[in-house]
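**Student:** Those sequence lines, one after another, are chains A and B.
For our numbering, add 36 to where a residue sits in the first sequence, where the first one is 1.
For our numbering, add 78 to where a residue sits in the second sequence, where the first one is 1.
Quick caveat, the hints were computed from the structure, so don't treat them as lab data.
Virtual Cβ for every residue (Gly too), placed ideally from N, Cα, C.
Please note that a few of the clues may not be correct.
Stretch by stretch, here's where chain B covers chain A in the computed footprint (C-beta under 8 Å, at least three residues) [what the hints assert, rightly or not]:
#1 87 to 99
#2 287 to 294
#3 468 to 480
Examples of chain A residues lying across from chain B (beta carbon under 8 Å, computed) [what the hints assert, rightly or not]:
#4 Asp138
#5 Gly457
#6 Ser458
#7 Asp603
#8 Phe605
#9 Leu623
#10 Arg625
#11 Tyr626
#12 Ala627
#13 Ala735
#14 Ala745
Computed list of chain B residues with no C-beta within reach of chain A, every gap over 10 Å [claimed, not checked]:
#15 Ala146
#16 His160
#17 Leu218
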Amino acid sequence: MSTIRSWLIRALLLSFFLGLVGIVTLDYVVREKFEGKKWSIPARVYARPLELYVSKPLRSQSFEYELSRLSYVRVEDLTAPGQWLKKGREYKVFSRGFDFFDGQESAKKFILKIESSRVSALESPSGDDLALLRLEPLEIGGIYPNHPENRILVSLLDVPPLLGETLIAVEDRGFVSHFGVSPKSILRAALANIRAGGVVQGGSTITQQLIKNFYLDSRQNLGRKILESLMSVLLELHYSKAQILETYINEVYLGQSGAQGVHGFGLASQHYFGRALIELDSVQIALLVGLVKGASYYNPWKNPIRALERRNLVLRIMNEGQLLTKKEYDAAIKRPLGIVTRVRKKLQPYPAFLDLVRRQLLQDYEESDLKTEGLAIFTTLDPQAQHQAEESLSQTLNTLELEHSLTKGGLQSGLAMLALGSAEVLALVGDRKVQYSGFNRAIDIRRPIGSLVKPAVYLAALGKGYSLSSLISDAPVAVRGPDQSVWEPRNFSRQSHGDVPLYKALAFSYNQATARLGMNIGLGLVESTLQASGLERSFSVVPSLLLGSLELSPLDVASMYHTFAADGFYTKPRAIRSVQTPHGDTLKRYALRSERRFPSSTIYQLNYALSLVMQEGTGQRAKLWNEAEQRVTAGKTGTTNNQRDSWFSGYDGDQLVSIWVGRDDNGITPLTGSTGALRIWADLMSHIPGRGLTMAKPANLEYYWVDSATGKASGENCRGARLLPFEISQQPQKKSRCEWRKNPVIHWWRKVWQK
Amino acid sequence: MKGALNFGASRVVILAFVCVTGACSVAPVQVEDATSSSSTVEAAADINHSAPRVISPAKSEDEKARAASDVLLQQAYEQYDHDRWQQAVQLAERGLRIDRYNAHWHLLLAKCYTHLGDDERAQEFVSQGLAYAPSGKTSLRKGLQALMLGSKP
Chain A
37 MSTIRSWLIR
47 ALLLSFFLGL
57 VGIVTLDYVV
67 REKFEGKKWS
77 IPARVYARPL
87 ELYVSKPLRS
97 QSFEYELSRL
107 SYVRVEDLTA
117 PGQWLKKGRE
127 YKVFSRGFDF
137 FDGQESAKKF
147 ILKIESSRVS
157 ALESPSGDDL
167 ALLRLEPLEI
177 GGIYPNHPEN
187 RILVSLLDVP
197 PLLGETLIAV
207 EDRGFVSHFG
217 VSPKSILRAA
227 LANIRAGGVV
237 QGGSTITQQL
247 IKNFYLDSRQ
257 NLGRKILESL
267 MSVLLELHYS
277 KAQILETYIN
287 EVYLGQSGAQ
297 GVHGFGLASQ
307 HYFGRALIEL
317 DSVQIALLVG
327 LVKGASYYNP
337 WKNPIRALER
347 RNLVLRIMNE
357 GQLLTKKEYD
367 AAIKRPLGIV
377 TRVRKKLQPY
387 PAFLDLVRRQ
397 LLQDYEESDL
407 KTEGLAIFTT
417 LDPQAQHQAE
427 ESLSQTLNTL
437 ELEHSLTKGG
447 LQSGLAMLAL
457 GSAEVLALVG
467 DRKVQYSGFN
477 RAIDIRRPIG
487 SLVKPAVYLA
497 ALGKGYSLSS
507 LISDAPVAVR
517 GPDQSVWEPR
527 NFSRQSHGDV
537 PLYKALAFSY
547 NQATARLGMN
557 IGLGLVESTL
567 QASGLERSFS
577 VVPSLLLGSL
587 ELSPLDVASM
597 YHTFAADGFY
607 TKPRAIRSVQ
617 TPHGDTLKRY
627 ALRSERRFPS
637 STIYQLNYAL
647 SLVMQEGTGQ
657 RAKLWNEAEQ
667 RVTAGKTGTT
677 NNQRDSWFSG
687 YDGDQLVSIW
697 VGRDDNGITP
707 LTGSTGALRI
717 WADLMSHIPG
727 RGLTMAKPAN
737 LEYYWVDSAT
747 GKASGENCRG
757 ARLLPFEISQ
767 QPQKKSRCEW
777 RKNPVIHWWR
787 KVWQK
Chain B
79 MKGALNFGAS
89 RVVILAFVCV
99 TGACSVAPVQ
109 VEDATSSSST
119 VEAAADINHS
129 APRVISPAKS
139 EDEKARAASD
149 VLLQQAYEQY
159 DHDRWQQAVQ
169 LAERGLRIDR
179 YNAHWHLLLA
189 KCYTHLGDDE
199 RAQEFVSQGL
209 AYAPSGKTSL
219 RKGLQALMLG
229 SKP
């Protein structure tokens, strides 16, 4: 007998000990996860913030597009951040605030006027001039972890008080007073379940729901219920109600976005309404709280009626709990769901640009850090420019296929757009299906660039003592290679043009003249010029290099041309400005640097010749598609053998765009650079505001009139005279014979009056 | 006869003058530089109908845009004066995005990088600033040239 009692006591002691060990272990598990890093937070990627100031180039449609992407709501009267209205040419906006690296831009009301595609006034509501302000940057994507969860973390300070109150009223009325479990709720749920003969009601408190979501899985049995209750009590022992509620608000599952689960109210607010949580009103809060019960069952896009009924039930509870007045409740239940369109939320925008961002980030960060640390990546993307680039590219390809009776979808394209000066990547398109995240043609294609290489040949020649009026023979040329093979390039028109000045050979893209010029100055000089312009890829230094046998991507070409456009200063293209921690500390900056690579005088002359390409050379077709365009631009067309590749790279005073058009199978097309890629460029530039090409004229350079046929000095009233920039030391010396264009006296008289 | 001679002589004088003033001259056509406010280039292009439009000389932004640039410049120098070079650099880059030909930004960047010990980058901005700064003996040019000589700001 005593043996049995002894064993019983031992069993009891062992059970007590094991129970104690179990509880201590549970306590450790509860605390370890709650106090540690709770979630893996993906890096969030932002576009550039829109800077507003008087005289900024900006079109009304572009501004409205930006507001729309930022989910600003058009209203009759401004009452809260994230709203705008328009009267005539005047916009009134209530901006949201944002914490930038250099301080907080507070939410504010402002008035903006746009005239002639520029900001003409920027004022406060009281009429004071505002020098400068920024809108918050658009979030354009994330770098997601492999596990299927996504969330935007919020602190209780970012949560509307009404959300917490509604959650408690709907999910757990005794939250403030219970100790983790509510026996009353469990009893009530048990009775309901017995009556129904199955599980129809849960008696879980908010704490228990958090334990289930955060520590356990969705299986339900008595053992797990006991475990859940124990852990809930332990959680409440260690942490405040506010900490538990905040974690719940960030943890709860509220929907699905593709393969990613939408967790927490912070992300759900963006997912369903495109707005920050703090901006939600009572009706929107009611819908989100209603989704806690079953985000899939009450999915407002799939089951809008069911979601509406659930929302209205929540609104009724809010009214009963005196969170809403009767009047507010009556108005609220009449409102529609007000969610954003589903298509917009489903698609991941800007895949080509995000691909570039990811590649640049991976040079400095571990992929796991990008997927888990909640970093904020501030990029250079201009959503307006990107949107227009996508439109121009896809629509123009459709038109080209129609006009040339090509198989629909056979043409492909890649596009890179840089801001002049900073070389920031404003837009990138890697596929005509702009949402497609496959092969990125803006970065990854390698195609011969054809005549796009010619500016490097002429730049090298200008640096070696040639001037724009130097004559070069365009007669047929043959070059024997080391293997005795003969390279005999021909002009596109199959015609020769005799002796031609350099500017004309470049403007009209004469192959024979360029090949001769390149061989005269030496392939090595052309190679070093290409490298100095920023080309980092290796290429074969063979005679055919002079006509563009080297294979590049649109971004490579943009980088090279940026050096020409930016006065000879090389700046590496950048897609990222900075990386910040979730707390706003700057981890890394991608700072600007600009290195002088070419003398200003030769670059100035090159740009002058490239502007002639657009005015009278192979680029003048741009005027056909854009008659209203008055900006001075510069650029170059490129076409490869059998018209397999159509290229164009060109710029105004603000931005540079390089475009390739061709077929993925390297097939023949009916397009040249000027009938294909240039057409996309012209359409894009006609929709993007910008200033004409400007350049600082070097002190050692002057304009002189020269005779275009002989390259000798001429006068402005002489037939065939051209105004060309020369280095002063190279000014034309010999005078050509002058055949007056106008009576010289009348000309002189007019000139006197013009002066 | 005397009158005819006089007419012939005066015609020669006029024609010679016309030659000198443009029709067959090799004198350079005056083009405004970054600091000048005239628009001789555009006028010259207009005179000759066959002449192409000429690239406009680079100018810092107009007065209205200058206000935005000035506000930022003031903020950037406040950071600079408190030895917060990195913050000043970030504001300067923001300013350059608004007004890329304003050499005051290049001067500030060169000063900041000199303090940060990145002389190579400082010299790059000196070089760019000198390319865009107004010609003449302005304080801006002097500031840039002083940095080029290696003097500490």
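**Student:** If a hint holds in the structure, say so; if it does not, say that too.
**Tutor:** Checked hints:
Under the rule that three or more residues need a Cβ within less than 8 Å of chain B, the assignment of the stretch 87 to 99 of chain A holds, with 5 such residues. Counting residues of the stretch 287 to 294 of chain A whose beta carbon lies closer than 8 Å to any beta carbon of chain B gives 0, which falls below the threshold of three, so the coverage claim is violated. Evaluation of the coverage hint for the stretch 468 to 480 of chain A: breached, as 0 residues show C-beta separations to chain B shorter than 8 Å, against a requirement of three. For A/Asp138, the interface hint holds, since its Cβ comes within 8 Å of a Cβ in chain B; the closest pair sits about 6 Å apart.
With a cut of 8 Å, the hint placing A/Gly457 at the interface with chain B holds, because the nearest CB-to-CB distance is about 4 Å. About 6 Å separates the beta-carbon of A/Ser458 from the nearest beta-carbon of chain B, less than 8 Å, and the hint is met. Hint status for A/Asp603 relative to chain B: holds, with the closest Cβ pair at about 6 Å, below 8 Å. Using the Cβ-Cβ criterion of 8 Å, the hint placing A/Phe605 at the interface with chain B is satisfied: the shortest such distance is roughly 6 Å.
For A/Leu623, the interface hint is violated, the least distance from its beta-carbon to any beta-carbon of chain B being 12 Å, above 8 Å. Annotation: A/Arg625 was flagged as interfacial toward chain B, and the flag holds, the nearest CB pair being 7 Å apart, inside 8 Å. The interface hint given for A/Tyr626 is violated, since its Cβ lies 10 Å from the closest Cβ of chain B, which is over the 8 Å cut-off. At its closest, the beta carbon of A/Ala627 sits 6 Å from a beta carbon of chain B; the interface hint therefore holds under the 8 Å criterion.
With 8 Å as the threshold, the beta carbon of A/Ala735 comes within range of chain B, its nearest partner Cβ sitting at about 6 Å, so the hint holds. Annotation: A/Ala745 was flagged as interfacial toward chain B, and the flag is violated, the nearest CB pair being 13 Å apart, outside 8 Å. Consistency note on B/Ala146: stated as away from chain A, yet its beta-carbon is not over 10 Å from all of that chain's, at 3 Å minimum. The claim that B/His160 is not at the interface with chain A holds, since no C-beta of that chain comes within 10 Å of its own (minimum 13 Å).
The beta carbon of B/Leu218 sits about 14 Å from the closest Cβ of chain A, which is more than 10 Å, so the claim that it is off the interface holds.
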